[in-house]
Structures are given as structure tokens and as C-alpha cells.
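Chemist: First to last, the protein sequences are chains A and B.
Numbering-wise (the numbering used here), the first sequence opens with residue 1 and increments by one.
Numbering-wise (the numbering used here), the second sequence opens with residue 1001 and increments by one.
Calculated directly from the structure, the hints in this document are not laboratory data.
Treat the numbers as computed from the prediction; the structure is a model and nothing was measured.
Heads up, a few of these hints could be off.
What follows is a set of in silico ranges between Cβ atoms, one per label pair, in the way DEER data are often shown [unchecked claim]:
{"no.": "1", "chain 1": "B", "residue 1": "Lys1231", "chain 2": "A", "residue 2": "Leu66", "range": "33 to 39 Å"}
{"no.": "2", "chain 1": "B", "residue 1": "Leu1111", "chain 2": "A", "residue 2": "Asp4", "range": "34 to 40 Å"}
{"no.": "3", "chain 1": "A", "residue 1": "Met260", "chain 2": "B", "residue 2": "Gly1129", "range": "27 to 33 Å"}
{"no.": "4", "chain 1": "B", "residue 1": "Val1151", "chain 2": "A", "residue 2": "Gly263", "range": "44 to 50 Å"}
{"no.": "5", "chain 1": "A", "residue 1": "Gly35", "chain 2": "B", "residue 2": "Gly1037", "range": "50 to 56 Å"}
{"no.": "6", "chain 1": "A", "residue 1": "Asp4", "chain 2": "B", "residue 2": "Phe1087", "range": "55 to 61 Å"}
Don't be surprised by glycine CBs; every beta carbon is placed ideally from N, CA and C.
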Amino acid sequence: MSSDKKLTVKRLVIFLVLAFLPFCIIVPVMWSYFGEPIYASENPDTAVANYCVSVFGMMVPSIAHLLTRLITKEGFKNTYLGLNTKGKMGYYAASVIVPLAYSSLSAVLVWAIFMSGSGFGDTFNNFNMQSIGLFLLQFAYSLIVFFPAFGEEWGWRGYMMPKLMELMPKPAAVIVGGIIWGLWHAPLTVAGHNFGVVYPGYPFVGIGLMCLLCTAMNAFMTLLTEKTKSIYPAAFVHAINNNLSMGVMFTFFSNEESMMKLGGLSAVEMFFPYIGVLAVIFIGSMILLMKKEA
Amino acid sequence: MSGLLYKNFCINRSSMIFTLVTAILCCLTLIFAALFGFTLRGVTPSPEEVPSLLTACSACYFLAFWLPSMASSTLFQADENKTCCAFAMSLPQGAKGHVEAKYYYILIQALGILFITFINDTILTAMLGGTVSTTAVLPFLFSLHLFLAAVEIPFMIRFGADRGLQIKGGVVLAVFAMAALYFLFGDISWFIENEDDPLGAFMAWLGSGDIIFWLSLFPYISIAAYYISCKISVKIYRKGAESYEQ
């Protein structure tokens, strides 16, 4: 291994240790303090703690990025902090349209698979000025969610992915990066984040599904970051993805009966239509990523 | 663009520090109030106290966004002479880059305040046991900041910072007066159906869900206005520069 690659590996290891450590400490401490898995608890104090852990926890990869550059005296070149919009506006538009499209499409798939008994128009019959207004307000709230999303993206796409791509071919880097990103969520997944604690194969199935989800999303986000040489499109995708999930689409546009049916489904069941849509995005992104390489 | 932005940050260092200090002070006021009022006493706000706390938080965040806009004229005053304008227009980016850099500067400033207030609100939510959260108000304050800047900047670029603000004030006042006259004496049947009891009809409209739709448009209108304002300012910059003193 050349000395350049050795240095890259060293920097990557320092970054990953700094990024992984906080959740590995905070989540078990909170679990023992509250006496239950924090993301599956109905205790209102836990809900507040979860919110704070999510907001500040998402900023950890950025702090790890910053610290790694300082510790290893790497300097601040190639930070991906520029906008680079010239000729790249299509990618910026895609960073807003694609997450909205896949959230909507996965909501339609959830209806098609689990609620086919009732017609589409009967399920999504709540299209009035109020619900559209609420949806637009929630979309505007992405501006706030952008900050924690940026916190993750500047670490993962802004530091980890370029380092991984120095060490291996792009497709392999996307898969390895996605798995690392999924594993970073593991302490949260064990504590009930996204999937709860009651599902077959807890917690390993949840961790595996999270790795799958992160790999699929990583392909699209890496594509946007590499094409624009900017971290902002990936942060937009992350913000909209977290802010406007398919559950949110149901909340605004479907009726009460559909919400009851949705409540009866487990998070793992709802995950499959979602990952189905993301798989298409993953394949498309990988083709576009490799196209440049060829 | 990054060079022009850097120049703006350098020549406006004191106003940038003023912005950050005011935003942090507004936020610290809330933190100390929550600390001494509730956290140290080991209590959380009662349901009766929550509305007044929400109002106090919103007011402090409003100040955090509004106070820096008081110093916005300094951003333009620094370059307000023929020598600077001639230099700006001779650069590869030209007048476009010079004006866009000002818009980016204000946007970054507003995003900085939004970040500070968001972090403060998260801490406050934790301190008050989740009973008080005004995070949903922040995008509106941010949008308002952008909207006001979108209205103000073209005037400052065309007529100079001081005269521009006076003319803007006059124009805004005239628009408000005309709107008030229209609502007093004009045909408002398209807006309020029951003209016999316009106040009652207006209150009923406020109570209906439809207002949410019109409110939700504000952030998008602000962003569009900011973008259009930038395009207008680029166009009128040369004309404004001719009126500046040597």
C-alpha cells in the first residue's frame, strides 16, 4: 500500500472513530437512565431527549470531519462547501424533486399493497386548501431540518465518501459507505429508532434494513455530491427525506380510516415498498456514477 | 464569487459581529430566563404559562432577525462611490457578481441567525421539558427577513443607502395607504362574502383552515421575491452608480 493510501486510511479511521463514538456512549447511557429503549418509549421526557439526541447527534459527523482535518493537519482543501451551481442546476432540482417523488411513490405503493381494498380516490381524499397548506408548511420546515441534515452530509458525503473512493472503485465505495452509514445508526436502531423494538429478528433485522436503506440513498447522494462537487444537494435530499416521509404524505392527504390501517402496519412492513422505490434510484444512480468512470 | 464574498465579509466585519452578538444575546436572554425561571427550580411551565412563553420566545427570535437588518445599509454604504463602482464593474464578474455577492452575504447572514435560533430553541425545548417550542416560527422569521431585504435592496442600490431607505419608506407607506383606502371604500366582495358584517366574515375566514394555505405560501413568495429582487438590482446597478458621489 502506498504512503498516500496509508494516510487516507489513517484519516478515515480517525474520522470513523470520532463519528461513531458519541452515539455508542450516549444511547446506552440514556437507555440506562430512562430504564427503557429510548426511541420506543412513551415517556414524554424521553421524547424530548430523543429530539435533542437526533438534532445534535446528526451534527456529529460534521464535527468529526472538522476534528479529523485539524488532528491530521489535512488542511481545508476539497471541503465541498462551494455551491457550484453553474451548469449543475439540474442536480440541484433533482435534490428536491427526487425525494419528494420517491416519498409520494412509496405512499402510493403502500396503498397498492396494503390498502387495495379501498380505492385510491377514497384513500387520498383529503386534497383541500388546508391539507395542501399544511404540506407546504411542512415542506418549508425542511429549511430547519437542513441544518442537522447538513451536519450528517458534510461528514459522510463530504469526507468519508471521497476518502473511500480514493481507496476503491466507486461502486464498491458506495456500498461500503452505505453500510458504514447504516451501522452508524445501529445504536439508535437498537434503541427503537425507525423500526421500534417489536419485530422479528430484533435488532439485527433492523440494523440490516438500515444498512440497505443507507446504501440505496448513499448512491444517489454520492452521485449528486460528485457531479456538483458540493455538499448542499445531498443535504437537501437528506432534509426532505427526513421531513417528508411517506407517513407524512398519508397524514396530510389520506382519511382517518387509512391512517388507522397505516397505524396497524409495522415499520418493517412499510419499509419494503419504500426500499423498492429506492432500489430503482440506486440502480439509476450507480449507472450514472459509473458512466463517468468509463 | 468566493473572492467577492470574502471582500464583503472583510469590509463588514463589525456589522457581522454586531449581527452575531445580537442574535446570541437574544437567545441567551431566553436561556437565562428558562434557567432561573424553571430549570433551577425544578419545574416545567404550566399550561397557562405556555402561551406567554411562546410569545416571549417568538419576540426574542424576531429581534434576533430584525436587529441586524437595522445595520443593513452599512453593507452598501462601504462601496457607495464612483471609484468602487468603476472597480466593481471592471472585475470579470462585473456588476452582476458585485450585486449577487451582497445578496449571498445577506442570505448567509440570515442562515447564520436561523442556525443560532434553531440551536437555541432545541436547548430551550430540552430545558423546559418539551412544553415550549417555537421552531415552527423560525422559517417564517427567516422568510420575513428575506422579504424585507428583497424590498429594501433595489432602492438602496438605485438611490444610495440613505436616500434609498427614505424612498423605500415612502413607497411602502403609499402602498399601505392605498391598500387601506381600497379595503375601506373599494369592492371587497371577492375577499369577504358577507359585506354587512365584514369583521365577522374576516374572523370566520381566519378561523377556517383556508388561511393555512395562504400563510404557507409566504416562505415561497419570499424566496421568489429575493431572487427577483437580485435580478432587478443587477439591472439597475449601473444607473444607481451614476448617481453616487465621487
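Chemist: All hints are to be evaluated individually against the structure, with a verdict given for each.
Modeler: Verification of the hints:
Between Lys1231 (chain B) and Leu66 (chain A) the beta carbon distance is about 36 Å. The supplied range of 33 to 39 Å therefore holds. For the pair Leu1111 (chain B) and Asp4 (chain A), the beta carbons lie near 36 Å from each other, so the given range of 34 to 40 Å is met. A beta carbon spacing of about 30 Å between Met260 (chain A) and Gly1129 (chain B) agrees with the range 27 to 33 Å that was offered as a hint. Roughly 46 Å separates the CB atoms of Val1151 (chain B) and Gly263 (chain A), a value that falls within the hinted 44 to 50 Å.
For Gly35 (chain A) paired with Gly1037 (chain B), a C-beta distance near 29 Å fails the hint of 50 to 56 Å. Distance hint check: the CB atoms of Asp4 (chain A) and Phe1087 (chain B) are about 43 Å apart, inconsistent with the given range 55 to 61 Å.
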